[in-house]
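For the protein sequence lines, the chains are A and B, in the order given.
Reminder that position 56 of the first sequence reads as 56 in our numbering, one-by-one numbering, no gaps.
Reminder that position 262 of the second sequence reads as 1262 in our numbering, one-by-one numbering, no gaps.
Hint data in this document are derived by calculation from the structure and do not stem from the laboratory.
We treat Cβ as the ideally placed atom computed from N, Cα and C, and that holds for glycine.
Hints may be right or wrong, so weigh each one.
What the hints assert, rightly or not - Looking from chain B toward chain A, a few residues come up when the C-beta cut is under 10 Å (computed): (1) PHE1159; (2) ALA1174; (3) ILE1185.
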Amino acid sequence: MTKAIISINHVTKDFGSVRAVNDANFEIAEGEFFSLLGPSGCGKTTLLRILAGFEVPSAGSIYIDGRDVTLLPPNHRPVNMVFQNYAIFPHLNVASNIAFGMRRSGLSKAELAERIEEMLELIRLPGYGERGAHELSGGQRQRVALARALIKQPKVLLLDEPLGALDKKLREQMQIELRQLQQQVGITFVFVTHDQEEALTLSDRIAVMSQGDVLEISTPGELYEAPRSRFVADFIGTMNFFDCIVGDYRGGVLSADSAELGPVRVACTTPPAAPGEGFVLAIRPEKFQLVFDDAGASANTVRGRMGPSAYLGDRSHFYVYLEGRNEPVSVALPNLARSLDRIRGVDQEVWLTWPEDAAVLLPREE
Amino acid sequence: MAATRLKLNGLGLYAIAYLGFLYLPVAVLPVFSFNDSQYVAFPLKGFTLRWYDELADSYGLLNALGNSIRVALCVSVLSTVLGVFAAKAVTRYRMHGRGGLIGFIMVPLVIPEIILGISLLMTFSLSDVRLSLVTVGIGHLLLCVPFSMLVLISRMEGFDRSMEEAARDLGENAWGTFWRVTFPIIFPGVVASLLLTFTISFDEFVLAFFLSGSDATLPLHIWSQLRFPERLPSVLSLGAIIVVASTIVVFVAEFVRRRGVQLAPPRA
Chain A
1 MTKAIISINH
11 VTKDFGSVRA
21 VNDANFEIAE
31 GEFFSLLGPS
41 GCGKTTLLRI
51 LAGFEVPSAG
61 SIYIDGRDVT
71 LLPPNHRPVN
81 MVFQNYAIFP
91 HLNVASNIAF
101 GMRRSGLSKA
111 ELAERIEEML
121 ELIRLPGYGE
131 RGAHELSGGQ
141 RQRVALARAL
151 IKQPKVLLLD
161 EPLGALDKKL
171 REQMQIELRQ
181 LQQQVGITFV
191 FVTHDQEEAL
201 TLSDRIAVMS
211 QGDVLEISTP
221 GELYEAPRSR
231 FVADFIGTMN
241 FFDCIVGDYR
251 GGVLSADSAE
261 LGPVRVACTT
271 PPAAPGEGFV
281 LAIRPEKFQL
291 VFDDAGASAN
301 TVRGRMGPSA
311 YLGDRSHFYV
321 YLEGRNEPVS
331 VALPNLARSL
341 DRIRGVDQEV
351 WLTWPEDAAV
361 LLPREE
Chain B
1001 MAATRLKLNG
1011 LGLYAIAYLG
1021 FLYLPVAVLP
1031 VFSFNDSQYV
1041 AFPLKGFTLR
1051 WYDELADSYG
1061 LLNALGNSIR
1071 VALCVSVLST
1081 VLGVFAAKAV
1091 TRYRMHGRGG
1101 LIGFIMVPLV
1111 IPEIILGISL
1121 LMTFSLSDVR
1131 LSLVTVGIGH
1141 LLLCVPFSML
1151 VLISRMEGFD
1161 RSMEEAARDL
1171 GENAWGTFWR
1181 VTFPIIFPGV
1191 VASLLLTFTI
1201 SFDEFVLAFF
1211 LSGSDATLPL
1221 HIWSQLRFPE
1231 RLPSVLSLGA
1241 IIVVASTIVV
1251 FVAEFVRRRG
1261 VQLAPPRA
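Start from the sequences and build out the full structure, keeping to the hints where you can.
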């Protein structure tokens, strides 16, 4: 990992009797696109506001660019923020909004005007300087908020759900622009979102938070393919969970038993628990294959009944009911040519199979 | 969109009667201020400007008008300044007993003025403060701060706190944030507060009656003049001038307010 630009050392924040952030302890590397992801109320925004200087941690310290900023007010920190509702100043036009933070920059009027024009180019709103704040659309406000922060050339840009207020199409477009912009300016971005898809698309690394705790910090790929806890596995994408009992472990392959799946074989480097103990097997919907002929009773094969399905254009989702399991198993298949021709509909007898390296092993949580 | 024609049903008649009741008495003022007779009675006599002439010569009246304007100006500015601070404190900081504090400041709104007047008079005489326009001003301030607060709290609550945070984030200190962001955004509220408190102080009678000493404010002076029938017409002419002036002020204030509304951010 390259040099850390932010280090968060055992930071805890209490609001009265509510613990908003619980012992957050990690670093963010220079130039990284880092996301704080979690459901609302998980503490991600509080942590961001602590980085910005709007909240003082109850315990712990924050270093930015090697300096202890824990008690430094927001106006003395080398970070800038893009607010959730953009907080564009309503009484100023676009150029004055962008120039707001440059009062003490020492630039001449002409230099400043040039910088503003550069920023307007960067956010692809050239010639918008004289527009009033109320004349801007949501996407434009968002870009002006970005320019207003970036013109300060901060070490770190903090973004508080900046895409939440935009509609889906615009949001996807802004995601791409945001990522390009970040690579262009090379500034560290700390991005707060509750939208896991957004976090996966944008981030170099993601910290998943829940109820004040940072559960896991990983790359998007690791979070999706090898989550380390049931909460993360469940929160990122869709996941099917099965309780299993550890059996033999030989040659990198674990044999296990599941009441719902029957005999199971999983490739793993170490067994998740001692023989005879329980663990949770997690399988993504797209790792399954649907088989329509009797596949017999081998490992990693289970018989089920077709439940409701949904056609999503590029892929289809199915629910498959297993014997002895109340909730259906989620299965997703790409809509390749003719591959689904043999589906007859609800109650059809099908077999699910999955490869040995498709499943994730998780500890059983009490 | 086609305008619906106003129908003269019961509700329409009520509205007309209501507006008449509201404005006819006010209209009487200018009408009789130009009437060439000492007595306020129909039929009208000839047209004259002599009451306005007399007004210009009436030292006592002009003096009282001056007193009232001075008191009202000081009171409106002071109470608006205090109102801005109080409203900012109440809306922006987490503090204990916030509700109780607001209630405490608002109490003068519901205490009968006559009680307030007597208690202030007692306080001043017990502490040997000579009654003057200053004591009137202090009494009016007590009365006006709650109104300033009401107007400014609603304005403060109406705009997003993150505006101020954004200013801090962009490098402004608390002072700069107030002048560059908070004040421009609450400016229409400030104007409204100034006008409202000016008006309250300008025509306040009861407190002034108790606290003015020998310096009469305008309401006190007018009241004292009512004993002399021949002075009434010039009081009417003064009244007419005040009505016209306040109408102009209200229009200006409304103009400022609308500009403020336009500038306010659209609600997300």
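Structure-based check of each hint:
At a threshold of 10 Å, the smallest CB-CB gap from B:PHE1159 to chain A is about 8 Å, leaving the interface hint in force. The interface hint given for B:ALA1174 holds, since its Cβ lies 9 Å from the closest Cβ of chain A, which is under the 10 Å cut-off. Against a cut-off of 10 Å between C-beta atoms, the interface hint on B:ILE1185 holds, since the closest Cβ of chain A lies about 6 Å away.
In summary, the structure agrees with every hint in the numbered list given earlier.
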